[in-house]
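Engineer: Chains as they are written, first to last, in our numbering: chain A, 1 to 133; chain B, 1 to 133; chain C, 1 to 133; chain D, 1 to 133; chain E, 1 to 133; chain F, 1 to 133.
The reader is advised that the hints may include incorrect statements.
Remember, identical chains collapse to one label, so a pair may be satisfied in a single copy or spanning two.
[Claimed, not checked] Here are the simulated BS3-like cross-link-like pairs (lysine-lysine), alpha carbons at most 25 angstroms apart as the crow flies:
(1) K130 x K94
(2) K130 x K31
(3) K28 x K54
(4) K130 x K11
(5) K94 x K28
(6) K54 x K11
(7) K11 x K31
(8) K93 x K130
(9) K28 x K130
(10) K28 x K11
(11) K93 x K28
(12) K11 x K47
(13) K31 x K94
(14) K47 x K28
(15) K54 x K31
(16) K93 x K31
Simulated from the structure, these hints should not be mistaken for laboratory data.
Protein chains: 6
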Amino acid sequence: MSTLGFIEYDKASPEVRAVYDDIMATRKIDKVTNFWKALAHDPVRLKRTWEDTKEIMGAGALDPLVKELIYVAVSVSNQCDYCIAAHSAAARKKGMTEAMFNEMMAVVGLANQNNRLVAGHQVEVDEQFKAIG
Amino acid sequence: MSTLGFIEYDKASPEVRAVYDDIMATRKIDKVTNFWKALAHDPVRLKRTWEDTKEIMGAGALDPLVKELIYVAVSVSNQCDYCIAAHSAAARKKGMTEAMFNEMMAVVGLANQNNRLVAGHQVEVDEQFKAIG
Amino acid sequence: MSTLGFIEYDKASPEVRAVYDDIMATRKIDKVTNFWKALAHDPVRLKRTWEDTKEIMGAGALDPLVKELIYVAVSVSNQCDYCIAAHSAAARKKGMTEAMFNEMMAVVGLANQNNRLVAGHQVEVDEQFKAIG
Amino acid sequence: MSTLGFIEYDKASPEVRAVYDDIMATRKIDKVTNFWKALAHDPVRLKRTWEDTKEIMGAGALDPLVKELIYVAVSVSNQCDYCIAAHSAAARKKGMTEAMFNEMMAVVGLANQNNRLVAGHQVEVDEQFKAIG
Amino acid sequence: MSTLGFIEYDKASPEVRAVYDDIMATRKIDKVTNFWKALAHDPVRLKRTWEDTKEIMGAGALDPLVKELIYVAVSVSNQCDYCIAAHSAAARKKGMTEAMFNEMMAVVGLANQNNRLVAGHQVEVDEQFKAIG
Amino acid sequence: MSTLGFIEYDKASPEVRAVYDDIMATRKIDKVTNFWKALAHDPVRLKRTWEDTKEIMGAGALDPLVKELIYVAVSVSNQCDYCIAAHSAAARKKGMTEAMFNEMMAVVGLANQNNRLVAGHQVEVDEQFKAIG
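With these hints in hand, go ahead and build the complete structure from the sequences.
Structural biologist: Shown next as structure tokens:
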């Protein structure tokens, strides 16, 4: 059970329901996931988190599928089981194939390895990379 | 200075030079970056790390630019300054615009935030996400 | 089951029991929690960890409730389920309300996000913050 | 230099200036810090991040000083140098003494240690902590 | 259930079976563990990950037991439950006693604490440690 | 400069000097490193941290060199530059060769990679590893 339990739709206040309705309409699903029902204990935070998420994960210079892959990659790197499950499902819905998942995983593994090789050797940034800005 | 210093091309053994040559040819650059010169103290590891990197970051089901974006995203999440500098440059070379960079950053920030909201609320995985496999 | 199992009170050596007794007396509880029963396989470490914890978490310049909030915040950031459960309970006992929990969570989420925005942009420390010390 | 450089006030667009003005007015400072000038490359993200920050860090069930302490604690745990410098300064402005800083640090160190002791021993959550919700 | 499920030996392709056979022969076990059966969805990655692991974890300047202890220490620090369980078992097979495990855990806890004390105080590297290379 | 600056020996209180003297005698060095001089702002914490460190890093079931290698491995994994520099030096003093350092680094890189492969695939613990305790 989640720390504070979940706020189900039929027990929710009108302001929480309004967010739930927008989540379901935007994502074309018929019930909100546990994440939002846990956040709903603080309606202001629920609204802010949903609006940020909607804005950030929507189409832009990057394709929504690429954004989901990045989201999953960070969640794998941070080892957040819930986020991996929920956003892998979202990525599949947007077209992620098994081959794409496996390649994304290989990059995440490699970056985590190389990040530490750099740290352990205390590698200095190359001159040509300092000139940015 | 890196912990063990760098192995420069003209001081390198033939097996290290062979890896350096392949790095420069593959990446179309005329000198290898500090990361590889730090790893070269252990030629077996240098070769293994380069061959893994070459294989993983090459074209496949995911576009090389998408792979670079994922690599940068993980490095930002892990706060590896060298990796952020080097792979942001690589991503720009492959077509990353400033808008793409900013959107990638927003997703990384959001995922890092939401990963912790999930943890703090101990949100359980929704039933529909457990059926995978 | 914990990796090495738990040392229960009635199976414990006198030195372990002495620590258990102090934990129960200090915290006004009638049985020690699993964390301590797992550490008791190494009685010296058990004693050291308990004495450090007692000293650090006690009243001082910061209120014990504030210390618990900080402890929970770090545990949420590190995604340690056991620590979140145990120290959220301790914080509630010391007066943490649901509103406080939710606000603490929002700060943890924000800091995790902004820590990465800083890293990705490689933001330099402002001059006025360098003058400290 | 920050990855994309900084957007200074006199080069900023009206929408970016509006955010800068609100930051300076809210914080009673006469120039914005580097963090905001780096984010300003993406004015929508700048506005969203500032409004979230302002809302989350303001007075509520928790005192603004306690919120700053939590923010610093997470940033120390994540080892974000910029965030530690900037938010330690903010905390001092709100009343953090040296003794408070040192006690906060001790809690952060302890939690980071104990989070791993729990992980290594794979300690299960006590029954009494599961009943929450 | 693992995200993509497991590839069992009798359903595996010849190239996957060849890796499985080498894992079982090298480790003197009669069935491969879940980790490898999850990676087998991508046979190239399976082979690469196994060959890297075999090479890295074998005898060299460091004893295989010391390597397992380091592997467990990193996995504890990263809080990877599966890795802690699997590599603690491997370490025990190579001679890790309960006392060794407890001492390794104490070092991991201490390093995690001190890493943050350093970060919070922004301690500069001593001159004598800069001269390396 | 460290956040609060350093407490030098000639400015230190008798209780701080007593700790400094013990550090120098134990480690056979003629001046304490910056880490301790930063902690000395809180003499109680200085004493506790030093005594814990002395006890944990001393000879036991594990060799002091193995303990230093584990300490460095965790610090590399957490990317703490100061700790990597200081404890690599300590490890070298205790006999760490360049080959040992490189092998330790390879294990740290591998574990960081595999920890994420496990997370991304949500690999369940094998039955034989659950029977421990």
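Engineer: The structure should be examined with respect to each hint, and the outcome stated for every one.
Structural biologist: Now for the hints, and whether the structure bears them out:
| no. | hint | result |
| --- | --- | --- |
| 1 | K130 x K94 | between (37 angstroms within a copy, 19 angstroms between copies) |
| 2 | K130 x K31 | between (48 angstroms within a copy, 16 angstroms between copies) |
| 3 | K28 x K54 | within (13 angstroms within a copy, 32 angstroms between copies) |
| 4 | K130 x K11 | between (55 angstroms within a copy, 23 angstroms between copies) |
| 5 | K94 x K28 | within (12 angstroms within a copy, 34 angstroms between copies) |
| 6 | K54 x K11 | within (24 angstroms within a copy, 30 angstroms between copies) |
| 7 | K11 x K31 | within (14 angstroms within a copy, 37 angstroms between copies) |
| 8 | K93 x K130 | between (40 angstroms within a copy, 15 angstroms between copies) |
| 9 | K28 x K130 | between (45 angstroms within a copy, 20 angstroms between copies) |
| 10 | K28 x K11 | within (22 angstroms within a copy, 37 angstroms between copies) |
| 11 | K93 x K28 | within (11 angstroms within a copy, 37 angstroms between copies) |
| 12 | K11 x K47 | within (17 angstroms within a copy, 33 angstroms between copies) |
| 13 | K31 x K94 | within (19 angstroms within a copy, 36 angstroms between copies) |
| 14 | K47 x K28 | within (18 angstroms within a copy, 28 angstroms between copies) |
| 15 | K54 x K31 | within (17 angstroms within a copy, 31 angstroms between copies) |
| 16 | K93 x K31 | within (16 angstroms within a copy, 35 angstroms between copies) |
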